[in-house]
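Asker: This is what each chain is made of:
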Amino acid sequence: MLDYEFMRNAFAAAAIVAVVAGTVGFFLVLRGQTFAGHALAHVGFTGATGAVLVGIAPLWGLVAMTVAAGIGMGAIGERLAQRDVAIGLVLASSLGLGLLFLHFYTAYASQATTLLFGNVLAVDRATVWTLAALAAVSLAALGIISRPLLFASLQPELAEAKGVSLRLYSMLFLAIVALTTAECAQIVGVLLVFALMVGPAAAAQRLTGTVLAGVLLSALLALGESWLGITLAYYTDWPTSFWITTLSAAVYLLAGVPRLASRGRMPMPG
Amino acid sequence: MNAIEFRDVTLNLGGRDVLAGVNLDIAAGEFVGVLGPNGSGKTTLMRAVLGLVTPRLGAVRVLGLPATSGNPSIGYMPQARGAVAATRLSGRDFVSSVVDGHRLGLPISGRKGRAEVDRVLGLVGARDLARRPIAELSGGERQRLLLAQALIGRPLLLLLDEPLISLDPRHEGEAVALVRSLQQELGITVLFSAHELNPLLGAIDRVLYLGQGQAALGTVDAVITGPVLSRLYGAEIEVVRLGDRIFVMAGGYPVERDAHRHEPVLEDWRDRGRSRHA
Numbered sequence: 001m002l003d004y005e006f007m008r009n010a011f012a013a014a015a016i017v018a019v020v021a022g023t024v025g026f027f028l029v030l031r032g033q034t035f036a037g038h039a040l041a042h043v044g045f046t047g048a049t050g051a052v053l054v055g056i057a058p059l060w061g062l063v064a065m066t067v068a069a070g071i072g073m074g075a076i077g078e079r080l081a082q083r084d085v086a087i088g089l090v091l092a093s094s095l096g097l098g099l100l101f102l103h104f105y106t107a108y109a110s111q112a113t114t115l116l117f118g119n120v121l122a123v124d125r126a127t128v129w130t131l132a133a134l135a136a137v138s139l140a141a142l143g144i145i146s147r148p149l150l151f152a153s154l155q156p157e158l159a160e161a162k163g164v165s166l167r168l169y170s171m172l173f174l175a176i177v178a179l180t181t182a183e184c185a186q187i188v189g190v191l192l193v194f195a196l197m198v199g200p201a202a203a204a205q206r207l208t209g210t211v212l213a214g215v216l217l218s219a220l221l222a223l224g225e226s227w228l229g230i231t232l233a234y235y236t237d238w239p240t241s242f243w244i245t246t247l248s249a250a251v252y253l254l255a256g257v258p259r260l261a262s263r264g265r266m267p268m269p270g
Numbered sequence: 271m272n273a274i275e276f277r278d279v280t281l282n283l284g285g286r287d288v289l290a291g292v293n294l295d296i297a298a299g300e301f302v303g304v305l306g307p308n309g310s311g312k313t314t315l316m317r318a319v320l321g322l323v324t325p326r327l328g329a330v331r332v333l334g335l336p337a338t339s340g341n342p343s344i345g346y347m348p349q350a351r352g353a354v355a356a357t358r359l360s361g362r363d364f365v366s367s368v369v370d371g372h373r374l375g376l377p378i379s380g381r382k383g384r385a386e387v388d389r390v391l392g393l394v395g396a397r398d399l400a401r402r403p404i405a406e407l408s409g410g411e412r413q414r415l416l417l418a419q420a421l422i423g424r425p426l427l428l429l430l431d432e433p434l435i436s437l438d439p440r441h442e443g444e445a446v447a448l449v450r451s452l453q454q455e456l457g458i459t460v461l462f463s464a465h466e467l468n469p470l471l472g473a474i475d476r477v478l479y480l481g482q483g484q485a486a487l488g489t490v491d492a493v494i495t496g497p498v499l500s501r502l503y504g505a506e507i508e509v510v511r512l513g514d515r516i517f518v519m520a521g522g523y524p525v526e527r528d529a530h531r532h533e534p535v536l537e538d539w540r541d542r543g544r545s546r547h548a
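Top to bottom, those sequences are chains G and U.
My numbering puts the first residue of the first sequence at 1, with every later residue one more than the last.
My numbering puts the first residue of the second sequence at 271, with every later residue one more than the last.
For reference, chain G alone in the conformation it holds in the complex (with noise of 0.2 Å):
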């Protein structure tokens, strides 16, 4: 399998991808804003067609816009931007202003499957080194945040007290979770993005005690998920993406299992 160039590009995009997308997630579940990173994935839609419609390419529309949506979702305030009924208008208006684009562009038909969607398969050299790029960007950022990041998700008055500023934080944290969402993107498309973003980190997070095994295993799940829903893939001929969000609710399943047989065995402490 791994004779075909389109191969072995799948699993170097999706190895990248996995990665960051572990490790940020694991982040962005601690923190509580997992919808907030749903979101943003849709209002990348509306780049990724916009961009299509111009004549750019479909990324860097997706860039462009999910990083500008993150940084005014932090700038407006957690608060604001972790509200349900704020966070759906803007999934829904940005689906639909999106299909809006591709109405006017109407010569690609697949190309709509693709973002929403996702197709791995069809990921080429270029784009490998692009996401590799974007990767190191958002993985470098995160790492000179991470501790005061930490700190204000665990502990935001404390760290306010101490001088840290949460909203410069949420900001830029956003950003890097946009920019996570435009790479996760091109392997499962905008709509499946919590497939690689939440469930590895939520899985990890049931599983572990401390924040460095945490994201090392996020990330490890992360990559495990999109490598194995590849070859599941390649040998069924069933879509990668249905193989990938189907691992990840499995594994963050029986993530729950260990849990459950303890609480089982003994009786809530009273």
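It cannot be assumed that every hint is accurate.
Partner residues are not named here, just some residues of chain U that face chain G (Cβ under 7 Å, in silico) [to be verified]: (1) L320; (2) S339; (3) G340; (4) P348; (5) R358; (6) S360; (7) D363; (8) S367; (9) G371; (10) H372; (11) G375; (12) L376; (13) P377; (14) P403; (15) F517; (16) M519.
Covered, in the sense of this in silico footprint (three residues per stretch, anywhere, with C-beta under 8 Å from a C-beta of chain U), are these stretches of chain G [said to hold, decoys possible]: (17) 136-147; (18) 162-168; (19) 210-218.
Because the hints were derived from the structure by calculation, they are not lab data.
Quick caveat, the model's predicted, so the values are computed rather than measured.
Ideal placement from N, C-alpha and C gives every residue a C-beta, glycine not left out.
Got chain G; can you put chain U on it based on the hints?
Answerer: Using the frame of chain G, we list chain U on its own:
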């Protein structure tokens, strides 16, 4: 040098003056209990000391300097919001996140950081329970980790916002005794806010009672009296002593117990007090 000085301070929160023209002098090394009904400004007062709320009027000085945010000499335990209660993260990682938390970089602590975490966990007797996930700890155990966090960086002034909330009476006593012994051992100043006076009796040096935009600071005997509290509550208050316990009563009801459980009751007796005056 005073640990905290308020000079004609007016603190405004959402368009309302929570405290108006307040003057305070809290000496270094004092253990002060902060009391008062809901909304009387206990949290806002602490946030002003932290430099997170700028006084509308007047000046706040902390350890001889004007209050500014990011003051490393202040340890702070915010009111528990329960947001962290669900995380599977170990207590140790939770406490460690504070070490150099304001500096950029990876959240990996060096030898000095680990030693500091060991020190504060030892101070509150939480070395063993810090290995367990926070989600599995009881309210009292979680409070001890929060206290450990507040002690990181060897603060000279400790602000504890409602540490007793959601603790049962036995754990209330233990928490107060722990803070008192730490305060004496480390020779630091402590502000400890609470809804009820009784768990703090015998431990605190002085009491700071807030209400109706005003503040009364003094010994328990000087502040917890009918006339002083009637002024702070804006209603007729009776102070009843029962053995070594003190009850603050309005219209025959203890006001402190009810303050955080059934807020309407507070309004209820306040109206009753007014009508009696009329």
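Asker: If you test the structure against every hint from before, which numbers come out violated?
Answerer: Violated hints (numbers, rising): 15 and 16; every other hint is consistent with the structure.
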